[in-house]
Amino acid sequence: MGLLIPENKVHQLINENECRTDGRKVDELRPFNCRVGVLENADGSAYVEHGGNKIYAAVYGPREVHPRHMARSDRGILQVNYRMATFSVFERKSPAPNRREIEISMVIRNALEPMLFLEIYPNSAIEVFIEVVAADGGTRCASTTAAALAIADAGIPMRDLVTGVAIGMANGRICLDLNDLEDKGGDADIPCGFVVREKKLALLQFDGSMTPDQILQAIQIGHKGASEIYAKQQAALRDKYQKIRDIVNPPGSTTYSDEDEGDDQPYGEQEPGPGGDAGGQPSEQPRNNQEGGNP
Amino acid sequence: MENLLVHDKQIVTPGEVLTTDVQSFRPGRGTVREKDVIKAVFVGLVQIRARFINVVPLNGVYLPTVGDKVIGKVYEKTPIKWLVNINSNYVGVLRPQNAMDRDFKRQGRRRSQEEQEADEMSQFKIGDVIAAKIISFARTSDPQITTLGKDLGKLTNGTLMEIPAPKIPRVIGRKGSMIHTLMDETQCRISVAQNGRIWLYGQPESIAVAKYIINKINEEAHTSGLTDRIKEYIAEEKKKRGL
Numbered sequence: 001m002g003l004l005i006p007e008n009k010v011h012q013l014i015n016e017n018e019c020r021t022d023g024r025k026v027d028e029l030r031p032f033n034c035r036v037g038v039l040e041n042a043d044g045s046a047y048v049e050h051g052g053n054k055i056y057a058a059v060y061g062p063r064e065v066h067p068r069h070m071a072r073s074d075r076g077i078l079q080v081n082y083r084m085a086t087f088s089v090f091e092r093k094s095p096a097p098n099r100r101e102i103e104i105s106m107v108i109r110n111a112l113e114p115m116l117f118l119e120i121y122p123n124s125a126i127e128v129f130i131e132v133v134a135a136d137g138g139t140r141c142a143s144t145t146a147a148a149l150a151i152a153d154a155g156i157p158m159r160d161l162v163t164g165v166a167i168g169m170a171n172g173r174i175c176l177d178l179n180d181l182e183d184k185g186g187d188a189d190i191p192c193g194f195v196v197r198e199k200k201l202a203l204l205q206f207d208g209s210m211t212p213d214q215i216l217q218a219i220q221i222g223h224k225g226a227s228e229i230y231a232k233q234q235a236a237l238r239d240k241y242q243k244i245r246d247i248v249n250p251p252g253s254t255t256y257s258d259e260d261e262g263d264d265q266p267y268g269e270q271e272p273g274p275g276g277d278a279g280g281q282p283s284e285q286p287r288n289n290q291e292g293g294n295p
Numbered sequence: 001m002e003n004l005l006v007h008d009k010q011i012v013t014p015g016e017v018l019t020t021d022v023q024s025f026r027p028g029r030g031t032v033r034e035k036d037v038i039k040a041v042f043v044g045l046v047q048i049r050a051r052f053i054n055v056v057p058l059n060g061v062y063l064p065t066v067g068d069k070v071i072g073k074v075y076e077k078t079p080i081k082w083l084v085n086i087n088s089n090y091v092g093v094l095r096p097q098n099a100m101d102r103d104f105k106r107q108g109r110r111r112s113q114e115e116q117e118a119d120e121m122s123q124f125k126i127g128d129v130i131a132a133k134i135i136s137f138a139r140t141s142d143p144q145i146t147t148l149g150k151d152l153g154k155l156t157n158g159t160l161m162e163i164p165a166p167k168i169p170r171v172i173g174r175k176g177s178m179i180h181t182l183m184d185e186t187q188c189r190i191s192v193a194q195n196g197r198i199w200l201y202g203q204p205e206s207i208a209v210a211k212y213i214i215n216k217i218n219e220e221a222h223t224s225g226l227t228d229r230i231k232e233y234i235a236e237e238k239k240k241r242g243l
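First to last, the protein sequences are chains A and B.
If you're matching positions, the first sequence starts at 1 in the numbering used here and goes up one per residue.
If you're matching positions, the second sequence starts at 1 in the numbering used here and goes up one per residue.
Chain A extracted, bound-state conformation:
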């Protein structure tokens, strides 16, 4: 419960036993937990608990752009709206959007945009709403994680998920996944968004002082931590469907048959002739827009 500790600067962030203020080792993540499909009315949604952070993300769209003049006729746009609840921090936050929230919205949008195939949705907008209900350091990382999950849950095609985790320096040591105290009292803070499988960075900010070698080392450590979170992200997306399947088709009992699958033959009471295939709408486009192209 980092929230209830009054905000005074702690000088000893790592004690003699190599333990941090919340009892973790330097290369240990905070407890991470996530779910998808939590909000009924959104097209896709996710809930992430990352240490003391509790974050909801909702995705709507692709849908019409409002205001209309923001629409682009060659590609869709991604709108990210990051907001902190007034009760999410120790001292009540003003409900008005502030500079920090606008910055984080932009940063998250820039991290996610390259993962999407926006060019297949011209004149449309994908809207992401992120609501931080409890904050405990590293909300922009946890929000990126949540937003990526929600977009995947909405069925929007993506190159890969983005996983956010912060790395930083406290008491001269490189620490993984900073909490609020380390964030404020530490020497440096690097919030990162990893594309884990490709070992690429989607988000990188830096605040504080570190040597170039230390930064490289920190990013290595961060990637290791992000891999753990990435596995949980994948599990959450899969579990939404796998759980239902395990109940109705217990493992081992199923002989996979195609007998009642109608995905090749659209058919309706009043529908003469073959129609389109609703099963895989934006299919062609991601394929055609990849770099390099097919042989």
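Just so you know, the hints here were simulated from the structure itself, not pulled from any lab data.
Please read these numbers as outputs of a predicted model, since none were measured by experiment.
Careful: at least some of the hints might be erroneous.
What follows is a set of in silico ranges between Cβ atoms, one per label pair, in the way DEER data are often shown [stated by the list, open to error]:
hint, chain 1, residue 1, chain 2, residue 2, range
1, B, V66, A, A71, 43 to 49 Å
2, A, E119, B, K238, 47 to 53 Å
3, A, G208, B, V17, 34 to 40 Å
4, B, Q97, A, D246, 52 to 58 Å
5, B, L243, A, A85, 45 to 51 Å
6, A, R92, B, K238, 53 to 59 Å
7, A, R100, B, K77, 42 to 48 Å
8, A, I102, B, D8, 42 to 48 Å
9, A, H66, B, R241, 39 to 45 Å
Looking from chain B toward chain A, a few residues come up when the C-beta cut is under 7 Å (computed) [unchecked claim]:
hint, residue
10, G15
11, P204
12, E220
13, G242
Here chain A is said to cover these stretches of chain B; the calculated rule only asks that three of the stretch's residues, wherever they fall, bring their Cβ under 8 Å from a Cβ of chain A [unchecked claim]:
hint, segment
14, 56–67
15, 73–86
16, 222–234
Virtual Cβ for every residue (Gly too), placed ideally from N, Cα, C.
Guided by the hints, dock chain B onto chain A, whose structure is given.
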């Protein structure tokens, strides 16, 4: 073949590598090839069809396709067109020439142009639910729809419900097996549109059963043996409701 990392009907997540063998496999729908791997772009089910690896999505927005039947809601009317919500990121545009045939225009006495136009545009009101067909669509402009044709036009009696568009093929079933089972067992008339909307017409009790069952199909769309299971569900539900 040994480089196939997934099996048929496995649930995959975006970015998951399906195969590293790009010589024997081709990227199908729902996948991308990046250098020497084929990756999924959706949360969906793997489908292996000969050399193609597909990923069938489990959620998503309807993308209009020419020839699709859709159910739309009229939400805006201008002197020359109706704008129809077709449950997509694009707006269906219905023009009077696509909403009535020639005979309609000719009948009766000769009228002034204003009178005739007013008459043409009085066919649908804001809030009407219509069955329509997409006649042209390119992603740069909104799709044109028509209400001319068999079983198209205003829908008056019944109830509307919505499920994600990618799950519509499951409600229909192979060669319509699911939809026929549903209609026979519940005594409802059910009209399924490709944009994820379903129109139900019948006794209120049977509509309630049908709605429950369609939601069940929506939930269990990615499982096997669905048609048989649905038969059981209908029998159970009818017993519960005393039908």
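Identify every previously stated hint that the structure contradicts and give their numbers, smallest first. 1, 11, 13, 15
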